[in-house]
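With the hints as your guide, set chain W onto chain X.
As given, the protein sequences belong to chains X and W, one line each in that order.
The numbers in the working numbering rise by one with no breaks, and the one at position 27 of the first sequence is 27.
The numbers in the working numbering rise by one with no breaks, and the one at position 290 of the second sequence is 469.
Hints may be right or wrong, so weigh each one.
To be verified - Heads up, incomplete: computed chain W residues facing chain X, CB under 8 angstroms, no partners named:
1) Gly232
2) Ser277
3) Asn279
4) Ile281
5) Pro559
6) Tyr561
Stated by the list, open to error - Under the rule of at most 30 angstroms between Cα atoms (straight-line distance), these lysine-lysine pairs were calculated in the DSSO-like manner:
7) W/Lys396 <-> W/Lys254
8) W/Lys351 <-> X/Lys116
9) X/Lys116 <-> X/Lys176
10) X/Lys176 <-> X/Lys152
11) X/Lys142 <-> W/Lys328
12) W/Lys351 <-> W/Lys328
As the list claims (entries may be wrong) - Quick look at which bits of chain X chain W covers, simulated, 3 or more residues with Cβ under 8 angstroms:
13) 103-109
14) 140-148
15) 151-159
For the record, the hints were derived by calculation from the structure and aren't laboratory data.
Keep in mind it's a predicted model, so treat the numbers as computed, not measured.
Positions of the beta carbon are idealized from the N, C-alpha and C atoms, including for glycine.
Here is how the chains run, residue by residue.
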Amino acid sequence: MSLTAADVAEIMKILEGSAFDEVTLEIDGLKLSMRRGASGGDGAAAASAPARVEARRPTGAPASAAAPMAASASPALASTSLASAPAPTAKSAAASDPHVQDVTSPLLGTCYRAPKPGAPPFVEVGTPVEQDTVVAIVEVMKLMNTVRAGVKGTVTEILMRDGALVEYGEALLRVKKAG
Amino acid sequence: MAIRRILIANRGEIAARIIRTCRALQIETVLAASEADRDSVPAGLADRTVCIGPARPMESYLKVETIVQAALGTKSDAIHPGYGFLSERAPLARLCESHNVIFIGPTAEQIEAVGDKLRARSAAEAANVPVVPGAAVESVAAAVLEGRKIGAPLLVKAVGGGGGRGMKLVEKLEDLPAAVELASAEAGAAFGDARVYLERFIASGRHVEVQVLGDGKGSVINLGERDCSVQRRYQKLIEETPAPGLSEGLRSSLHEAAMRFAARLAYRGAGTVEFLVDRKTGSFYFLEMNARIQVEHPVTEAVTGVDLVAEQIAIANGAGLRRELADLGRRGWAIECRVNAEDPLNDFRPSPGVVREVSWPSGEGIRVDTHIQPGSRVPPFYDSLMAKIVAHGPDRASTLAALRRAIATTRLSGVASNLSFHAAALADPEFQAGGVDTGFVARLLANRSSTEVAGHG
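Next up, chain X with everything else stripped away, as it sits in the complex (with noise of 0.2 angstroms):
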């Protein structure tokens, strides 16, 4: 597992917006350290990576866990907007865009799109909508599991294929915050 340049940007804006001064992450060997400059500098950051960090993912695995890594490993993380989304897939740590919100999966199952075969899904490309917006349905042995947007917008991207399998916390959709 490594930390992409993406991820690396992220955890510097998030640090920029926070209370704290440093940040020090251990993830897999790769150590990241941030610090803001005393000097009135935007934020310094050191990585050094040894080659062994460049670990393989298990096929068909998410290609990332740094996120929930840091937000648990950091108080200074776990109070952004990273512990929302509790284990972003490859997909949602590349949206860096704080605009941007993911809306995980509360739980591993089959997800659908819509209430019933043949019904309009729940929500499309350009659907508004609120916290209280179902947007998909997680089955988890019979037992019909609503999802929440948990977001004020308008959907962005539609990331879940119906009636495929859905990890505890992968993105299904992606929504544009409003305001």
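Quick look at chain W alone, frame taken from chain X:
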């Protein structure tokens, strides 16, 4: 149905261990991992990893429906539950049965039969397997009556408990009512079952267990015994096979009793029948049966050459029992140390964290089952087992010497470990003589100051 893909509903060293055998059998693996284990070593080894929920076991590894859904969603033919977590929960076996997923283990009914201490006890009696004198009690008044019959010292046990949890030792009969009340309340809170039973306490006993394999149709073989008497608060720390110093008569009586018990249940898969051997009289008593692969299975594998996980899969696959395994010779001696992330200097307190450096031993006759490498996390949510270091040699003395060298050359930093305890235990004259009882660890720790024990690291 041939098993082509197995969902592993576990974590840590046993997940890595199961994957190793699956690879050898060319069976694909899907690891069901919590959020805390997405980047673990087993996740890297599995063909696929799916995240089943947050770190806390109640929200991930213990969710029966989620595990079966993960198997169905990944088109896995079978579920291997490992040990702990859902391995001995009948609802998982039952849900698998109703959804045509193969549960690699016994039937739901067998899990229930051995999981309830009272049912297991009567099954033992029915199979003509001796049990410790004792009885279930419904009230404090009944406990006082029974207690007088059995005599002190005695143990108060939770019917639904296991692994020593919920057990109380009563030295004097006048302490019995209070102990029964407390044990019952604790058992109710911990297991949802407030029933308790009383049992004669064997002052000096050895924990000897027998590995069995059954085909589910009443045919059972045994693969020898393991001595697991080196325990601290009922948690096993060092295991070996064969059990040192047993007469051949006692040894074969134990094997036969275990097979009788398992055969009576028409037990399916790998299981272990545990006995308490009274060191004074040489009598033995049935303790319980574990309906799963055991942590300490590698010592049996070392001396028999049998891959127990492969046999579990073969039986689950309907390939039946290879009876010829029973006739294989046993070769040499094997001893295992469980390396836990716990601090002997602080009352063996768990020490979660990030492993900075680690160097596991290797060499002739040394096997290390582990999921820990530099940078690995030991999350606070799970048990603290980091590795099992197993030595195998031609006899006990050479095996013990090899294991001591292996422990001495193991390097581990970042988290505390019980390596110093193992070094001290293996060096102790009583352990070296062989055949210690379950009081050994308490004596060892009392005889040495904890700093002295730590100094052996």
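message = Please check whether W/Tyr561 passes as an interface residue: C-beta within 8 angstroms of a C-beta belonging to chain X.
response = violated, 15 angstroms
request  = Take the region 151-159 of chain X, compare each residue's beta carbon with every beta carbon of chain W, and decide whether three or more fall closer than 8 angstroms.
outcome  = Answer violated; 0 residues pass the 8 angstroms Cβ test.
Given coverage of the region 140-148 of chain X by chain W, tested with a Cβ cutoff of 8 angstroms and a minimum of 3 residues = Coverage by chain W holds here, the residue count being 3 at a Cβ distance below 8 angstroms.
ask   = Given the hinted pair X/Lys142 and W/Lys328, is their alpha-carbon gap at most 30 angstroms?
value = Measuring from Cα to Cα gives roughly 53 angstroms; hence the hint is violated.
query = Given the hint that X/Lys116 pairs with X/Lys176, does the C-alpha gap stay at or below 30 angstroms?
reply = At roughly 26 angstroms apart (the allowed maximum being 30 angstroms), X/Lys176 and X/Lys116 satisfy the hint.
query = Does W/Ser277 pass the interface check with chain X, least Cβ-Cβ distance below 8 angstroms?
reply = violated, 10 angstroms
message = Check the hint pairing W/Lys351 with X/Lys116 against an upper bound of 30 angstroms on the C-alpha distance.
response = violated, 67 angstroms
inquiry  = Tell me if the straight-line CA distance from W/Lys351 to W/Lys328 falls inside 30 angstroms.
reply    = The given pair, whose Cα atoms are some 13 angstroms apart, holds under the 30 angstroms limit.
query = Is the straight-line distance between the alpha-carbon of W/Lys396 and that of W/Lys254 30 angstroms or less?
reply = Holds, at roughly 28 angstroms.
inquiry  = Less than 8 angstroms between beta-carbons is the criterion; does W/Asn279 satisfy it with respect to chain X?
reply    = violated, 13 angstroms
ask   = Is the Cα-Cα distance between X/Lys176 and X/Lys152 30 angstroms or less?
value = holds, 8 angstroms
request  = Grab the minimum C-beta distance from W/Ile281 to chain X and call the hint holds if it beats 8 angstroms, violated otherwise.
outcome  = At about 17 angstroms, which exceeds the 8 angstroms cut-off, the nearest Cβ of chain X leaves the hint on W/Ile281 violated.
In the structure shown, a violation is registered for the earlier hints numbered 2, 3, 4, 5, 6, 8, 11 and 15, in ascending order.
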